[in-house]
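> Since the structure of chain S is provided, determine the placement of chain U on it from the hints.
Respectively, the protein sequence lines represent chains S and U.
Okay, so the first sequence: first residue is 162 according to our numbering, each after it adds one.
Okay, so the second sequence: first residue is 162 according to our numbering, each after it adds one.
Each pair may be met inside one copy or between any two copies, as identical chains are not told apart.
Dumping the calculated DSBU-like pairs for lysine-lysine here, alpha-carbon to alpha-carbon at most 35 Å:
1) K408 <-> K267
2) K408 <-> K208
3) K408 <-> K261
Hints were generated in silico from the structure; no laboratory data involved.
Quantities reported herein were computed from a predicted structural model and do not represent experimental measurements.
Protein chains: 2
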Amino acid sequence: MSGAFELAAWSAERLARVEQALSQWVVADAPAGLGEAMRYAVLDGGKRLRPLLVFAACEATHGDSGAALRAACAAELIHAYSLVHDDLPCMDNDILRRGKPTVHVKFGEAQALLAGDALQALAFELLAPEGDAVPAAVQADLCRLLARSAGHAGMAGGQAIDLASVGHILTETQLREMHRRKTGALLQASVMMGAACGAAPPEANAALQAYGAAVGLAFQVVDDILDVTSDAAALGKTVGKDAAHAKPTYVSLLGLDRSRAYAQQLLGDALQALAASGLADTRALQALAMMVVHREN
Amino acid sequence: MSGAFELAAWSAERLARVEQALSQWVVADAPAGLGEAMRYAVLDGGKRLRPLLVFAACEATHGDSGAALRAACAAELIHAYSLVHDDLPCMDNDILRRGKPTVHVKFGEAQALLAGDALQALAFELLAPEGDAVPAAVQADLCRLLARSAGHAGMAGGQAIDLASVGHILTETQLREMHRRKTGALLQASVMMGAACGAAPPEANAALQAYGAAVGLAFQVVDDILDVTSDAAALGKTVGKDAAHAKPTYVSLLGLDRSRAYAQQLLGDALQALAASGLADTRALQALAMMVVHREN
Chain S
162 MSGAFELAAW SAERLARVEQ ALSQWVVADA PAGLGEAMRY AVLDGGKRLR PLLVFAACEA
222 THGDSGAALR AACAAELIHA YSLVHDDLPC MDNDILRRGK PTVHVKFGEA QALLAGDALQ
282 ALAFELLAPE GDAVPAAVQA DLCRLLARSA GHAGMAGGQA IDLASVGHIL TETQLREMHR
342 RKTGALLQAS VMMGAACGAA PPEANAALQA YGAAVGLAFQ VVDDILDVTS DAAALGKTVG
402 KDAAHAKPTY VSLLGLDRSR AYAQQLLGDA LQALAASGLA DTRALQALAM MVVHREN
Chain U
162 MSGAFELAAW SAERLARVEQ ALSQWVVADA PAGLGEAMRY AVLDGGKRLR PLLVFAACEA
222 THGDSGAALR AACAAELIHA YSLVHDDLPC MDNDILRRGK PTVHVKFGEA QALLAGDALQ
282 ALAFELLAPE GDAVPAAVQA DLCRLLARSA GHAGMAGGQA IDLASVGHIL TETQLREMHR
342 RKTGALLQAS VMMGAACGAA PPEANAALQA YGAAVGLAFQ VVDDILDVTS DAAALGKTVG
402 KDAAHAKPTY VSLLGLDRSR AYAQQLLGDA LQALAASGLA DTRALQALAM MVVHREN
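So here's chain S without its partners, still in its complex pose (with noise of 0.2 Å):
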């Protein structure tokens, strides 16, 4: 509790596990170029902004670091997969990735189907481990919490939402929603994953559902605004592509400063959600609140 906390240090020692387990996990002897396909989804890349949540979650609540670690890869496995889906032909037919060409550019689309399929497999199977290093009651918790934030009610619904939506405009209600589904729902369970793996009581694990579900949204609306006001040398991907492809947006229906207004109120949401959490140390969830809003990538 003494000290100044240093997110980049306490980031860079819990990434540097993720990395070395996601290396080890994400297999390259699966056949036939799926596991080369899968790799080159997951492998360096990325924020790890939802492992990283996890990791916070669970520390703040006193959890099991083997058992976060499984969750905190398994979530970023879901975002890989869903990003490796969303770039598809079909979908946002984008070829720019972090910088580098998409999986289905430099796979084929029938692969890159495929290694999102597997991914999302492999995420479930990181969570259910033989024999009992992780209980088997946190096992089905996290299954739980995984599942529910991916599919209909989460991520792919919202996915659903975004593509009916394109060319309309949506109420601040709507877009709100659909933001929880896409990316909200998959942060926030990065969030409750990590307290799983620990032993929250309810009031926490109340306070870290707001705590989740204000980082979400903010982290739609800090894009949003990113989208329109970052290049792409320093964003690592296409930009205004949701301007060219008629997608609403928040900067589309508030502006760029009522946006960031939101972005900064969501952030207080947070900040006070952890505040009556009853935790006694919340710094890095405290930390990555600010990150995520103040970001420029």
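Same frame as chain S, now just chain U:
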């Protein structure tokens, strides 16, 4: 144990529960047409072989039928999602399935992609319900079995081999390995998920593994035979498509007569495994193995 075993009556009772449960669990209210596409992909169609294998193995090991119902539906959802993705233009580009337009023909490619993704997530969600109706240890076992059979070491890996094998001549060993993953893994996992709902002693578990492997492979050998001997009306899907796609099959490798003999041999292996299992009543498992080999569609 007394009286003749009637597979038709036994199946009808279980399938009624499966259809009702699928109709309840595959949500119509998923947003923006996603639920409609998911239901179209799953309901009113298919032999439901995987659910029947789950129930048969569960009953042979005196397992919990509530857990088995979830496992049965989860296995069917994985099967259904794989068909949706398989039929996409970048894979088999098929327009007919179970006598109806395929999901992407009816709902568009993007929605079909998402429906498949959401069905996979829903499968794991079904296996990890809240509360203690299904013990956490059973939930974890079911998630592990299903994830392994669906991912790179199972179905998705088999698909990758399938993709890479088009236009190539495979050895019998390579063909068996492809089918062991592509179709066999999920059929075998269905048997083992049924057993995981019960409490089979280790020797029974080993026997059920062998049974599942033999039935899984027999299913594919018969599939290859029907692809050349059946017609579209009986099969409910495009016939002769393996040959049209220059895909290696048992018939192209062994010829029709040796393929039929091989299917009979696998049936013998499956029945022998059951006889050695020490389980008291394996009549449903026996009848399903015979149905797999003697089916006409």
